[in-house]
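Each chain is listed here by its residues.
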Amino acid sequence: MSPARPEIPAPLAMHGPSLRRRVSNTAMTVLCYTAAVLVILPLALILWHVVRLGLPAFTPAFFLNLPKPTGESGGGMANAIVGTGLLVAMGTLMAVPIGVGAGVFLAEHGNGRFGTMVRTTADVLAGVPSIVIGVAAYGLVVVPMGRFSGLAGGVALALIMLPTIVRSTEEVVRLVPRSYREAALALGAPRWRVIQEVVLPAAAPAVLTAVLLALARAAGETAPLLFTALGSRFWSVAIDRPMASLPVYIYDYARAPYDDWNRQAWTAALVLLLLVTVVSALVRLTTRRIPRP
Amino acid sequence: MKESGLSVEMRVNVPTPSAAPAPEPRQSREVGVAVRELDLFYGSHQALKHITLDVSARSVTAIIGPSGCGKSTLLRTFNRMNDLIAGVRTQGQVVIGGRNVLERDTDVVELRRRVGMVFQRPNPFPKTIFANVAFGLRLLGLRNRVDVEFRVEQALRKAALWDEVKDRLDRSALQLSGGQQQRLCIARCLAVEPEVMLMDEPASALDPSATARIEELVLELKRTYTIVVVTHNMQQAARISDRTAFMLSGELIEADETAHIFTSPKQKLTEDYITGRFG
Numbered sequence: 002m003s004p005a006r007p008e009i010p011a012p013l014a015m016h017g018p019s020l021r022r023r024v025s026n027t028a029m030t031v032l033c034y035t036a037a038v039l040v041i042l043p044l045a046l047i048l049w050h051v052v053r054l055g056l057p058a059f060t061p062a063f064f065l066n067l068p069k070p071t072g073e074s075g076g077g078m079a080n081a082i083v084g085t086g087l088l089v090a091m092g093t094l095m096a097v098p099i100g101v102g103a104g105v106f107l108a109e110h111g112n113g114r115f116g117t118m119v120r121t122t123a124d125v126l127a128g129v130p131s132i133v134i135g136v137a138a139y140g141l142v143v144v145p146m147g148r149f150s151g152l153a154g155g156v157a158l159a160l161i162m163l164p165t166i167v168r169s170t171e172e173v174v175r176l177v178p179r180s181y182r183e184a185a186l187a188l189g190a191p192r193w194r195v196i197q198e199v200v201l202p203a204a205a206p207a208v209l210t211a212v213l214l215a216l217a218r219a220a221g222e223t224a225p226l227l228f229t230a231l232g233s234r235f236w237s238v239a240i241d242r243p244m245a246s247l248p249v250y251i252y253d254y255a256r257a258p259y260d261d262w263n264r265q266a267w268t269a270a271l272v273l274l275l276l277v278t279v280v281s282a283l284v285r286l287t288t289r290r291i292p293r294p
Numbered sequence: 538m539k540e541s542g543l544s545v546e547m548r549v550n551v552p553t554p555s556a557a558p559a560p561e562p563r564q565s566r567e568v569g570v571a572v573r574e575l576d577l578f579y580g581s582h583q584a585l586k587h588i589t590l591d592v593s594a595r596s597v598t599a600i601i602g603p604s605g606c607g608k609s610t611l612l613r614t615f616n617r618m619n620d621l622i623a624g625v626r627t628q629g630q631v632v633i634g635g636r637n638v639l640e641r642d643t644d645v646v647e648l649r650r651r652v653g654m655v656f657q658r659p660n661p662f663p664k665t666i667f668a669n670v671a672f673g674l675r676l677l678g679l680r681n682r683v684d685v686e687f688r689v690e691q692a693l694r695k696a697a698l699w700d701e702v703k704d705r706l707d708r709s710a711l712q713l714s715g716g717q718q719q720r721l722c723i724a725r726c727l728a729v730e731p732e733v734m735l736m737d738e739p740a741s742a743l744d745p746s747a748t749a750r751i752e753e754l755v756l757e758l759k760r761t762y763t764i765v766v767v768t769h770n771m772q773q774a775a776r777i778s779d780r781t782a783f784m785l786s787g788e789l790i791e792a793d794e795t796a797h798i799f800t801s802p803k804q805k806l807t808e809d810y811i812t813g814r815f816g
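Each protein sequence line maps, in turn, to chains Y and F. Throughout the first sequence, residue numbering follows the numbering used here, covering 2 to 294 in sequence. Throughout the second sequence, residue numbering follows the numbering used here, covering 538 to 816 in sequence.
FYI, nobody ran anything at the bench for these hints, they're computed from the structure. Bear in mind the structure is a predicted one, so any value in this text is a computation, not a measurement. Watch out, some of these pointers could steer you wrong.
Simulated restraints on C-beta separations [unchecked claim]:
1) Glu-788/F - Asn-112/Y: 29 to 35 Å
2) Glu-701/F - Pro-178/Y: 51 to 57 Å
3) His-582/F - Asn-112/Y: 19 to 25 Å
Far from chain F, some chain Y residues (derived; all Cβ distances over 10 Å) [what the hints assert, rightly or not]:
4) Ala-28
5) Met-29
6) Arg-53
7) Thr-71
8) Leu-186
9) Ala-207
C-beta: ideal position from N, C-alpha, C; glycine also.
Taking the hints into account, I'd like the entire structure generated from these sequences.
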């Protein structure tokens, strides 16, 4: 305030906020903070618990050895770690092309009756309990093949991932600014080139996020694998044979009456958590390093 | 684009303008735009009413008029960008290079390559500066790197942007200023060597100095290209155009040499508009 300025006339007496407003303001702020803490709390508790109980058996042996026969202690889950990687990779390889393709279809041409049908189907599929997805994959792959297989597990996981990828892709493709499309079309680009060279690159980071979310969810699924990939106590990398996976091991070992198995179940949970985190981080790092086209 | 009613003009599909037997001698080599009895409907609303207008080659034609008068709609019939809007119907003719481009069997991809467009808001792709200009060249199937680089440089020079960006061609186009982005869009359009350039209020999102650069550029480009500029800025129309068309409520009120329009318009409505009595 410079003293040279003329004084501001004050026709109305001003006072601070009323007591009632100050109290309700504080109360609402506290409520919001409480809600925020309640959101973080479960994840923090889970992380704390998994790390605390998973660490004792978190040894190189866990990563390098096969499970010991029932009753013997020690051993690891090398086969399940590799198995989960293979199952998730198969699911992703199947779900991404179909899901991204269908998502682009819905965004670009999905206003007709067929589009509505596809969209509704994807939404219903997202709501189908994962055990039912497992039954579907059982009927689709296990019955015709005549045996449980990693391939059937991959199909089940693809079905889990598909709706998330389809609907997220549709949404982010719709968000690509109209001006980009117009610019490309006005240069004489046919529609497929516009989608391939302008729309998809612009939507790619968001599509990638959706794929990673779907992947993280699929990696932890147990129910769809129970009667598709089944599980295996041996080295299992042939995709037409039963395949071991971490979630199924967690399920089996957590119910077992052996302390050693329970410990290993916690470690398996920790490893699963780390795998998902590491894969997400790696994918993000590598795609960030690729210069934008 | 459903049905284009009248089809007095030849229906033969011509690959290049020079190979076409000329229906109108005026248009055989120098590509202008001839609009005849053009009606356009959005559903049941008629947005353009019996427009007849000649755009001469290698000159600047400005289309002026108040908001919503249909000037952008008219411009977007020239490269069929209205096709993107559902429920648009047209009647009449827009003849470019001896062909009524409104006909259903027009190759719109080819049309849009020959009739380039610059939009109101600069809309570079979220790619590098180089990739933006090379985009159209790659659409044409150009693969030779040296050739692409040469043409990118030529286009950027023509758009008076080369000196400002030559050291950062691999940077994102989104880092450029608004005026630079708009000149980049012009370069992107020039790279595919169109015959006609449509500009939809190309400077309305830019500051005065960037606007001045775009206007200089337009005056430079008209030596080679047929340019149609939609603008709501009458001073701009007076500065850069050779001919001016005044539109009101979907009708073409008057089209004449710019000097005539601004000094001795024949229509009362035109006079009222340019003297600021409405609009």
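Here is what the structure says about each hint:
no. : hint                              : verdict
1   : Glu-788/F - Asn-112/Y: 29 to 35 Å : holds (33 Å)
2   : Glu-701/F - Pro-178/Y: 51 to 57 Å : violated (25 Å)
3   : His-582/F - Asn-112/Y: 19 to 25 Å : holds (21 Å)
4   : Ala-28                            : holds (44 Å)
5   : Met-29                            : holds (39 Å)
6   : Arg-53                            : holds (45 Å)
7   : Thr-71                            : holds (57 Å)
8   : Leu-186                           : violated (7 Å)
9   : Ala-207                           : holds (13 Å)
Comparing the model with each numbered hint stated earlier shows that hints 2 and 8 do not hold.
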